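If you're matching them up, the sequences are chains A and B in order.
With this note's numbering as the guide, the letters of the first sequence map in order to residues 1 to 272.
With this note's numbering as the guide, the letters of the second sequence map in order to residues 1001 to 1322.
If you are wondering where the hints come from, they were derived from the structure by calculation, not from laboratory data.
Take the hints with a grain of salt, since some may be wrong.
Listed next, the in silico DSSO-like pairs over lysine-lysine satisfying Cα-Cα at most 30 Å (straight line) [claimed, not checked]:
1. A:Lys41 - A:Lys109
2. A:Lys109 - A:Lys142
3. B:Lys1253 - A:Lys15
4. A:Lys41 - A:Lys15
5. A:Lys236 - A:Lys109
6. A:Lys109 - B:Lys1253
If you want the ones that stay clear, here's a sample from chain A, every Cβ over 10 Å from chain B, calculated [what the hints assert, rightly or not]:
7. Gly48
8. Gln61
9. Gln213
10. Lys250
11. Arg258
12. Pro269
Remember, it's a predicted structure, so these values are computed and weren't measured experimentally.
For glycine and all other residues, C-beta sits at the position ideal for the given N, C-alpha and C.
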Amino acid sequence: MTEEVIAPHAVERLKGLRSQGSHEGIFTSDLSVNEFVMVRKAEFEPLGLVVGSCIYHMGIQYGSWNQNMEMDVLSQAMYQARELAMSRMEQEAIILQADGVVGVRLEVKRMDWDQDILEFMAIGTAIAHRSGAPGFKGVGGKPFTSDLSGQDFWMLLEAGYRPMEMVMGSCVYHVAHQGVLRSMGNIGRNTELEQFTQAMYDARELAMERMQQEAADAQADGITGVQLHEGSHNWKPHVIEFFAVGTAVKAMEDADTRVDALRPQLVLPVND
Amino acid sequence: MSLWDKIQKGLHEVTEDLEKTVANVANQVGAVNVAPSAAAQQRAAEWQMALQQRRLPSFVQERLRATAAGQRPWIQSGPVAALLMERSHGIHPLGMVGGNCWYHFGFSWTQGHYDGWHQAIDRLRLEAVAMGANAVLNVDMRVRHGEGEDMDYALMGTAVRIQDLPPAWEPAVATVSSLEFVRLLEEGVVPVGIAIGAEYDWYQPWGGTMLNQANQAAPFAARYWNMEIPDLSSFQENVRRRALYNLREDGRKLGAGVLAHTQYSQMFRVNNEQGEGFLCRHIAIGTAVSYEPSRAPQHELLPTVSLGGPLRSFRPHRKDLL
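Bound conformation, chain B alone (with noise of 0.2 Å):
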């Protein structure tokens, strides 16, 4: 919402309903009057600094090496099917970590998925690494939407202790839940993390695109063309392949292979003093995982046929059949 907008809006309500208004504007004010008691502004202040510093306020800090160290008691997220892998392989749930970002797109949208969430992974991590995990588990994506031009990437999963294991400097981050950790595990595979990759571009076509030259051709006929636009093709094609090899690169750092779960992309037509110019857009979202390519999997498979799942999901809605 931009200001004008909020403007109009402030002034729409005052004339439709001025004593609802008026209370309102008196609770906002009351509001202002009454001040943060002061350990609310300690708090404040400590979380502040510990933004600015990478680090943990040292209230969080205590309160997760206290979990970390059972004096409090554990949180775990996820299916409770999880709790059995406590016994089975030693996976013991610490607590709950999270991280976020709330962020503003000051020149680009893109650019800021890529900040944001890593901003947010590398606080995640920061929890993770004070509780002396191995990894993250069953790790929540979320984004909450700013009114203007801004976002918040927030993440949430479990830490967890691996027995026998000493704590990880980087713990393992991965958006699976720990019944399928360990069966990934058993794979020889681990997923490490979240890969991002984030590109956009954008072209102005001084003559005109291929479409509009042959419209200028050809000025009757070329709307009743079949044709392809290829600069337009081969500029998306490449907007959408630098952000792939971006994505492969943000693995590189993690040492490992990206198993991208969201891709979005996104091509704009804008009118400029120039002419015709487009914006084009991709992000690709995935969990890195990390393996031995020449290690085969191990695991003995036997295919089945479920009696009680469907085997090709024919279940259309009601309304569609009748």
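One chain only, chain A, in its complex shape (with noise of 0.2 Å):
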């Protein structure tokens, strides 16, 4: 009963059997177990598990006390600090000769004995379609990258698009400080404070602009499964970077019969 439920080469492991000398199906990734299947789903194979590292120092600058206003020499090192372990991680992905990059984490760490310098880590699969199947290179022939899961990943080549590009914004910003006046003839009022309000504001557009701009550069059709992170990293507490993050799609050739075709039920479990 068994070895009709499961596959042949399946039981043979069982048997304890093993498919040594064989270099087929070794690989690494950080995928979960149920990513690698939808990803096998998608008909692509992980090759391996890319990294890219940068440690980089960041430059200094002082915001004026009272003024809101974008720190660009921080903004910079970010942006640019990511890209470079990117584009290290995308050059792995090459060398594999991957069609893409999935699950992209791009971390960002301080270093313990310096607080100006920080980690940047970009790690992800390499995968290529499993019979080699053209048109899912990105931007300029280059492996496609993207923090999608494995789950999103195939359901996103379900929905007719493909992924192009991993694009980010980063805006590094300074949030003013108010004046004593200013606070002294606010107590007892319930009033907003437009000039926070209006920092935010102006760091999260600068922010999800930039990002957008660079998914138009990449010709994109749009971005999927944003993230916007606000961070802190040790600097001074009206320091905040807004940072956008999210995976450029195009839509491919079929895509509106591919749609057509998804017709997504609605389940309700009963079990919990």
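Both chains are sitting in their own frames, so use the hints and assemble them into the complex.
Given below as structure tokens:
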């Protein structure tokens, strides 16, 4: 009975036979088991984990105390360092002859010994189409990059889109302090602090704008799975980074027919 | 805790609470005086012998054999629903098997992880083989921290026999439960083991890092500059790449690809006689999966939208919003 349900290869392995000596199917990846199955469902095979590092010394910039302003030195540093880590990861994917990289994570860490040194890491799984079908490469024939999970990647292809490039925008912003007179004037009043509102608005807008511009440069149709991170990498309390990141996607030729064929069903689970 | 710390702690205790310390000391002395029973002594000797000879003590072997033969109750960890798999896929639970290795890091914490886990996996397999299992499922990985430079690597899982298959010489070791195991088998994927990739290295820049060199060239200006520290970047990148290469090689020994669920990297700066030095290490741990790349998954997939679970979890804590 067992042998009818389970694939012959699996049965062999459970009998204790190894597929040693074969170079097929030996890869590394940080996908979860479900993601791995879904990437394979999408007719792709994982090739290997690819990484890129960048250790970066951040320049120093002082924001003027009572002024909303972008800290452009820091914005540039955050962007450039991420870009360097990403491009090194991409290089490795090119060597593996990958069609693209999925599940990319971009991590920033501060070094213990120097608060001006930040470590950037990009890590993801390089994948290639099982039968080598063309038309999945990203911008300029390079492998595409994407922070989508295996499940999202499958869903994206089913919906008729292909990933082009992971796009990002960064903005480090100094939020002005309130003057003493101003805060005295607000005692006992419910009022909006317009200056602060405006700072948040502007910083977010700048990050989004930059991300969108990058996607436009990659000739993408849209950006999916966007996340907006706010962080302060051990900077002064009024300095904050807005970081927008997402996957730029482009419609495939048969996108409309694919989408029409999709009929998602609503289910109501009763077990929880 | 170093020896010095222990002495200091002891002295502290004496001054703090003399009476309690006396009782404590008396207890410990008392414990030494009670000799272990002959049976316990024999048991300890058997364990020692078995560990040295890389086999199981006879009483463990006997219990496992009796359990596998159905003379003792079977044991199963993981979800109760996994019992359904007995009917549908002929997966019979045999019993819990385990293995551990308490390891002291003489020269390398990084290498210790590799050796410790492998030793524990080998011991787990030994017990599984003694039960005539085909696979060990629901394997739980756990570490315990010692007081100094030591750590225990422990594994525990359920050994299963698959109907109509002969016992395996090298049972598959899987961290997933039998429900997921079956789902993977039907897709032609077998989780076969645990793979580890670890690497550490030192870097001692002779003229200082590129950042130090820039600081020397432009003493006051350089700290205002944005600049990459390329030598550190490439040092770290190489450590990571070698660790991942080792992970792949470890997978190759099992004839399998690796899904790395755990990755950890760290970098330190150390000041020594030669000046500034850097230590970087990276450890990756993953599930090894064996499959045939040319064979596409067979099952139909149906996209559904669940009304029960969250679509994309927006569930902030109350304190984040209030």
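Hint-by-hint comparison with the structure:
Proximity of Lys41 (chain A) to Lys109 (chain A) is assessed by CA-CA distance (about 35 Å); at most 30 Å being required, the pair is judged violated. A hinted pair counts as satisfied when its Cα atoms are at most 30 Å apart, and Lys109 (chain A) with Lys142 (chain A) qualifies at roughly 28 Å. Among the hinted pairs, Lys1253 (chain B) with Lys15 (chain A) is consistent with the structure: their alpha-carbon atoms are about 17 Å apart, no more than 30 Å. At most 30 Å may separate the alpha-carbon atoms for a hinted pair to count; Lys41 (chain A) and Lys15 (chain A) meet this at roughly 26 Å.
Restraint check for Lys236 (chain A) and Lys109 (chain A): the C-alpha separation of about 17 Å stays at or below 30 Å, so the hint holds. The hinted pair formed by Lys109 (chain A) and Lys1253 (chain B) fails the criterion: a straight-line CA distance of about 34 Å is larger than 30 Å. Its closest Cβ contact with chain B, about 7 Å, brings Gly48 (chain A) to no more than 10 Å, contrary to its assignment away from the interface. Non-interface status of Gln61 (chain A) relative to chain B is broken: a Cβ of that chain comes within 10 Å, the nearest being about 8 Å off.
Taking the minimum C-beta to C-beta distance to chain B, about 21 Å, the non-interface status of Gln213 (chain A) holds against the 10 Å cut. Chain B leaves Lys250 (chain A) outside its interface by the beta-carbon criterion, the shortest separation being 21 Å against a cut-off of 10 Å. No Cβ of chain B approaches the Cβ of Arg258 (chain A) within 10 Å, the least distance being about 12 Å, so the stated non-interface status holds. The claim that Pro269 (chain A) lies off the interface is violated: its Cβ sits roughly 4 Å from the closest Cβ of chain B, which falls inside the 10 Å cut-off.
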